[in-house]
Amino acid sequence: MPRVGCSIPCKIIFDESSSLDGYVADVSCDGLSFSPSSGEFPDGFENKKILKAQIDMADFSDIGHTIEFEAKLRWKRGLMMGLKIESMDMPNFKKWWFLVYTLFFPKKSSV
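First residue of the sequence shown? That's 1 in UniProt numbering, and the numbers climb one at a time after it.
It should be emphasised that the hints constitute simulated quantities derived from the structure, not laboratory data.
Since this is a predicted model, take the numbers as computed values, not measurements.
In this text, a Cβ means the ideal position worked out from N, Cα and C, and glycines have one as well.
Just to be clear, a hint being listed does not mean it is correct.
Beta-carbon label-pair distances, calculated as ranges [to be verified]:
{"#": "1", "residue 1": "E40", "residue 2": "K94", "range": "22 to 28 Å"}
{"#": "2", "residue 1": "T66", "residue 2": "K108", "range": "35 to 41 Å"}
{"#": "3", "residue 1": "F14", "residue 2": "P91", "range": "21 to 27 Å"}
{"#": "4", "residue 1": "S18", "residue 2": "L79", "range": "15 to 21 Å"}
{"#": "5", "residue 1": "W75", "residue 2": "K107", "range": "29 to 35 Å"}
{"#": "6", "residue 1": "Y101", "residue 2": "E16", "range": "17 to 23 Å"}
{"#": "7", "residue 1": "P106", "residue 2": "S18", "range": "31 to 37 Å"}
{"#": "8", "residue 1": "D59", "residue 2": "F105", "range": "16 to 22 Å"}
{"#": "9", "residue 1": "D62", "residue 2": "D21", "range": "19 to 25 Å"}
Given these sequences and hints, build the entire structure.
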């Protein structure tokens, strides 16, 4: 069972004129899996060397509204694809690790 469960919005940008909206399905220390909200991937996206990812954190945390980084396509199976982070600046790196830590070690309920 994925930790995120497709609840965090994400956009994959292929180039200046092409992007794909969807959701983060799961995260790891060096990447994420993504599922498109349209239910399909555009033709030829697998040929892109570097993709840009934008994760919308507005509903998840108040640490910053967006995490942005460049990534490579690692795998694609059905309606999911895996991205490996290639480059990220320090402010986005800190937000990324907050996201990873929070998802792997959620707060325990006080019940």
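Against the structure, the hints come out as follows:
{"no.": "1", "hint": "E40 - K94: 22 to 28 Å", "result": "violated (34 Å)"}
{"no.": "2", "hint": "T66 - K108: 35 to 41 Å", "result": "violated (28 Å)"}
{"no.": "3", "hint": "F14 - P91: 21 to 27 Å", "result": "holds (24 Å)"}
{"no.": "4", "hint": "S18 - L79: 15 to 21 Å", "result": "holds (18 Å)"}
{"no.": "5", "hint": "W75 - K107: 29 to 35 Å", "result": "holds (31 Å)"}
{"no.": "6", "hint": "Y101 - E16: 17 to 23 Å", "result": "violated (33 Å)"}
{"no.": "7", "hint": "P106 - S18: 31 to 37 Å", "result": "holds (35 Å)"}
{"no.": "8", "hint": "D59 - F105: 16 to 22 Å", "result": "holds (20 Å)"}
{"no.": "9", "hint": "D62 - D21: 19 to 25 Å", "result": "holds (23 Å)"}
Hint check: violations occur at hints 1, 2, 6; the rest are consistent with the structure.
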